[in-house]
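Undergrad: Take these sequences, add in the hints, and give me the full structure.
Residue-level listing of the chains:
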Amino acid sequence: MLPFLFRRLLQFIPTFLISTLVLFFVVQAAPGDFLTQLSQNPRVTPEKLAQLKINYSLDQSEWVQYIRWLTNLLKGNLGISFAANQPVWDLVAPRLWNSLILVIISTVLTYAIGLLIGIYGALRPYSVPDRIISVLAYFGLGIPSFFFGLLVIYGLVVLKQNTGWDVPITGKSSGALQNAGFFRNGWDVFLHALAPSIVLALRSISSESRFIRGQMLEVMGQDYIRTARAKGLNDSIVTYKHAFRNASLPLVATLGSLLPFLIGGAGFVEVVFAWPGLTPLLLDSLGNQDLYVIVSTAALTSLLYIIGNILADILLAAVDPRIRYS
Amino acid sequence: MKKVLMFAAALTLGAASATPFVHPADRTVSKPSDVKTGGTLRMNVAGDFDTYNPLVAQGRPNIPELTDAGGLLGVDPYTYEYIPYMAQSFTQSKDNRTFTFTLRPELKWSDGQAITADDYISTMKIYSTDEEANLFSYFTDGGKPVTFKKLGNLQLSITFPRATVQNLETISYITPLPDHIFGKAFGAGGAAGVKAVRALWGPETDPSKLVVSGDFKVASYKRGERLSLVKNPYYGQWNKDSAGRPVPYMDGIQYSVVKDLNAQLAQFLAGNVDLFAPSNRDQLAQIVAAKNGGKLNVDVLANAGPQGSVDYMYFNFNKSSDPFKQTLFRNPKFRQAMSELINKPQMIDQVLGGLGVAAWTSVYPLYSEWVAPNVDKYKYNVADANKKLDELGFKKRGADGIRVDSKGNRLSFTLLTNSENNRRQQMAQIFSDEAKKAGVEVKTNFIPFNQALEVIYPTNGGSTTDRKFDAAITGLNGGGFINPVGVASIFECGGDLNGYNQSKQCIAPWETQQLNLFYKSTAEFDQAKRKAISNQIQQLQVENQGLIYLLSQNAHYVWDTRVQGESPKKIATPLWASLYFGVRDLDLTWLSK
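Those protein sequences? They're chains A and B, same order as listed. Anchor point for the first sequence: position 168 equals 168 in my numbering, and the numbering is continuous, going up by one each time. Anchor point for the second sequence: position 485 equals 485 in my numbering, and the numbering is continuous, going up by one each time.
It should be emphasised that the hints constitute simulated quantities derived from the structure, not laboratory data. In this text the structure is predicted, and so the values were computed from the model without any measurement. Be careful, since some hints might not be right.
Unchecked claim - Partial pick of chain A residues on the chain B-facing surface, computed with a CB cut under 10 Å:
(1) Asn85
(2) Pro94
(3) Asn98
(4) Val158
(5) Arg184
Just so it is clear, CB atoms sit at the ideal spot from N, CA and C, and this is done for glycine as well.
TA: This is the structure in structure tokens:
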């Protein structure tokens, strides 16, 4: 196991270097830089601009900037955000946590609902409920989540206008709630997170349920299932112990990519619901070419990707006795 | 007994010299007796705030401007005159260059310390040393510095190098910084002083440590979520309503950070936000529909007038690598023809849903009394544009219908604008369609704002005599009512806002004439004469079409009915409206529930 993990970590190094390098140069390739907007400002003299360029190291070649950034990163320093005038980590850390709230709730929803629906569909294939669920799943897969988010917001506004209920619409917390206790605040955040989490989960519920249904149908047709039934095992043991455990293997293998994907994937839903996650920050940073916020966040994401993959490998070994890393 | 009498006498004397600023009754539709105090105003803001430091703050709105009181002077919207605000009184010297102020003795910072002449003096010292400060450029004129002197604890004077009509405006912009914090950090001044004051009040500062002059101060700020402001009780000691009650009436303001405009609208439609400024017909229609359907209790002030902003198109005079285009773009006849291909009524109808007005010169349509006569000389007129293009030598048309001259040059150019702005993109498209009918090929190119700026105003070693674009649409907002014809940086050759000519060299005589007339107008104190000069400038603009002005959008204001105390109709216009709070004086705003 350990040599395997070590090998995976070694593989990660070139991947990490190439991805950050490409990103660094792509961001720099756009005309102008963070200081361009200042040049429009009559009160910033060309001399001052040149001075700021030196302060931000924007006068150096891209290679020098990249290597400087990389060595700082290895020391645990993600750099400075030009726009916020703050260390990138201070800016990103609370956002990362906020994004995780959505990711955790929507992941729980995805697996809780997606698996149930998928198994149900596999046990009663082509029944009327299965067909209805299939149609809904295709709908869920087809609709872009930011658009669905707007529809949900519209629905919430109509609900509020017609009933007067105090439903949270956007944001992370209620302004009216001041100095409330930890649990009251937590409940408030949970209520606010519900709508964006459901919107986020809808797509993955649709895909996961289709996936698990297909897997289950395939496994249920295998010889060993027939053998199990012939032995007289009861239905639930056949379904959950024999069939589901085997059908879920590919699902576990994809779990690893979930971690970085969901943070990136919370994406436009966060913008639409004014959720203070990572995506709105990244969009702003792209807009004003706040270099280090962009590359450092991307570096973090690729780091999460490799961690997620390693976790998935370990999980897979735990679920599937045939897999051993040596 | 004698002691008591003395004490009483002292009290009366004190009362006699007490001179708080009284917000006149004609600034609000509410009677002081109707007003309820308390409550929190709920607002949305599109982005995060960057700092608490007034010297560093860049974005708008920013926290310092939301928490400062204002300047020595304010404006009377009925008379357009500057009136004493933080100053109790002021006098102007005979040569119009020196202004002497006496401060109100009740002025106080949010920590209870008195605001005195020292605060103003150290503020002006900092502003005139810190090159990056908002007001730095206001502290010199023609290379000579503005000087200032402390005359007493509450007295000071400010002397300008030149007598210009904008001097009072400049003074009204100077908001004081607390001497006991900023003055102390600034110390002996110089680069070290600037560095020290710029390092104060960064984003990590505990808000309770901030010292401000304004009606509200920061209670808490959570990045990406919410800024909470609470009433500054010391402000009410020198700000009263017409009945003598302290203002502001409200207890606080809350800003929720909502980036997406649709989500902002949704919050207003759900009744979670008190104020909103619809930016197009679609938003306005949704709000009016909800109001008429009885779903939302709001007041709507639609089409309050054109906004103080404008979009314009211009051709690049600095294109040395392409002599054909450079010569063409520098030819006023060509630009007149292009102006005649701009269908402004169609743009207003299709792009703004009818809610806007055509613009013709550097005077915003908002200042309608200042717009010169006959400015629409080169309005939409395809026949005349065709005639002019024929005269320019583009008589033949190629197989694709595009005009060519005798040397085979096609009449084709690329029109650039920023990709974030749908309005400008749609206008570019409408112009392109119209131009095609006249045999002019206009390709459109939409790129992010930052990148467009770099192309139009090259800084990173780009040449200002060979800029890499043909034509562009950008815009401008802001400016003052004292001399609405504009600011120097639009008229100067190579000026920061001059889109057509970025080289320091003026190319055509009218550019120099226009700039000289502008300087003349700023030194003219007689309004009628100033207006006459402004008309001359506008005539030059119309004939030469350096900037081809397009249109201004109309402003609309909506607010929850619980928000009361808006401005009376006569002054409820974009000219006097607050950028953030709409047609109201925040101090006189109150909440009915």
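Undergrad: List, from low to high, the hint numbers that the structure doesn't satisfy.
TA: 5
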